[in-house]
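Chemist: Chains as they are written, first to last, in my numbering: chain A, 1 to 113; chain B, 114 to 229.
Each hint should be verified, as a subset may be incorrect.
Unchecked claim - Mimicking EDC-like on lysine to aspartate or glutamate, the simulated pairs with C-alpha atoms at most 20 angstroms apart in a straight line are:
no.: 1; chain 1: B; residue 1: Lys135; chain 2: B; residue 2: Glu166
no.: 2; chain 1: B; residue 1: Lys153; chain 2: A; residue 2: Glu3
no.: 3; chain 1: B; residue 1: Lys149; chain 2: A; residue 2: Glu15
no.: 4; chain 1: A; residue 1: Lys100; chain 2: B; residue 2: Glu197
no.: 5; chain 1: A; residue 1: Lys42; chain 2: B; residue 2: Glu180
no.: 6; chain 1: A; residue 1: Lys100; chain 2: B; residue 2: Glu169
no.: 7; chain 1: A; residue 1: Lys67; chain 2: B; residue 2: Glu216
no.: 8; chain 1: B; residue 1: Lys154; chain 2: A; residue 2: Glu3
no.: 9; chain 1: B; residue 1: Lys165; chain 2: B; residue 2: Glu137
no.: 10; chain 1: B; residue 1: Lys165; chain 2: B; residue 2: Asp198
no.: 11; chain 1: B; residue 1: Lys131; chain 2: B; residue 2: Glu166
no.: 12; chain 1: B; residue 1: Lys132; chain 2: B; residue 2: Glu180
no.: 13; chain 1: B; residue 1: Lys135; chain 2: B; residue 2: Glu180
no.: 14; chain 1: B; residue 1: Lys149; chain 2: A; residue 2: Asp78
no.: 15; chain 1: A; residue 1: Lys56; chain 2: B; residue 2: Glu216
no.: 16; chain 1: A; residue 1: Lys93; chain 2: B; residue 2: Glu180
no.: 17; chain 1: B; residue 1: Lys149; chain 2: A; residue 2: Asp83
no.: 18; chain 1: A; residue 1: Lys100; chain 2: B; residue 2: Glu157
no.: 19; chain 1: A; residue 1: Lys105; chain 2: B; residue 2: Glu197
no.: 20; chain 1: A; residue 1: Lys105; chain 2: B; residue 2: Asp198
no.: 21; chain 1: A; residue 1: Lys67; chain 2: A; residue 2: Glu15
Source of the hints: derived by calculation from the structure; they are not laboratory data. Note that the structure is a prediction, hence the values are computed from the model and not measured.
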Amino acid sequence: QKEVEQNSGPLSVPEGAIASLNCTYSDRGSQSFFWYRQYSGKSPELIMSIYSNGDKEDGRFTAQLNKASQYVSLLIRDSQPSDSATYLCAVNKSGGSNYKLTFGKGTLLTVNP
Amino acid sequence: ETGVTQTPRHLVMGMTNKKSLKCEQHLGHNAMYWYKQSAKKPLELMFVYNFKEQTENNSVPSRFSPECPNSSHLFLHLHTLQPEDSALYLCASSQRGSSGGLETQYFGPGTRLLVL
């Protein structure tokens, strides 16, 4: 089983729709979860971070975490063409002094005008 | 300069060359990282430095040699690389000991490396 799994896509949604990106992870000891956006040819940039079960909202973005199901998702409301990018899910495997991020392969999102 | 910077942005080298990648962070962080991003693969952590001390070497071949002279600068020395080492090399930094356990890593723009 891969440590962090994402559907590679591409996920295609029309402008204005809700885009739903999903991620599952294998290590139950994982404590912190991150969504990064990466435009083609660019470096990843942080979109959202979450470490408590439930929802966390920031503007058009909502991160959802369910530790019992080992599942984290990112919802993008009112999707815009500028949201078209690869979205990377990253998981911090343990606390203490070992802050090691494990990334999924990413989901390519295309928002069609 | 702000954030995390990397030089050069693009590098083409032969298998017998020696080159170095440079990373500098202007965020006052105390931890720095090297990642490799190849096509169709997840970001792979290579090295971690915490307060200038290497705390992680993720089974990286010895042809990659990191150096961290201080908490703001990180180098990756390259020697006798292989064509399969061609990738985007990303540097990141974070602040260890951040409250709440949400230690966020900030990435530089990367160096696109091509080994011929």
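Chemist: Now tell me if each hint is right for this structure.
Modeler: Here is how each hint holds up against the structure:
no.	hint	in the structure
1	B/Lys135 with B/Glu166	17 angstroms, holds
2	B/Lys153 with A/Glu3	16 angstroms, holds
3	B/Lys149 with A/Glu15	33 angstroms, violated
4	A/Lys100 with B/Glu197	24 angstroms, violated
5	A/Lys42 with B/Glu180	24 angstroms, violated
6	A/Lys100 with B/Glu169	9 angstroms, holds
7	A/Lys67 with B/Glu216	19 angstroms, holds
8	B/Lys154 with A/Glu3	13 angstroms, holds
9	B/Lys165 with B/Glu137	13 angstroms, holds
10	B/Lys165 with B/Asp198	25 angstroms, violated
11	B/Lys131 with B/Glu166	24 angstroms, violated
12	B/Lys132 with B/Glu180	13 angstroms, holds
13	B/Lys135 with B/Glu180	10 angstroms, holds
14	B/Lys149 with A/Asp78	33 angstroms, violated
15	A/Lys56 with B/Glu216	17 angstroms, holds
16	A/Lys93 with B/Glu180	25 angstroms, violated
17	B/Lys149 with A/Asp83	24 angstroms, violated
18	A/Lys100 with B/Glu157	11 angstroms, holds
19	A/Lys105 with B/Glu197	18 angstroms, holds
20	A/Lys105 with B/Asp198	18 angstroms, holds
21	A/Lys67 with A/Glu15	31 angstroms, violated
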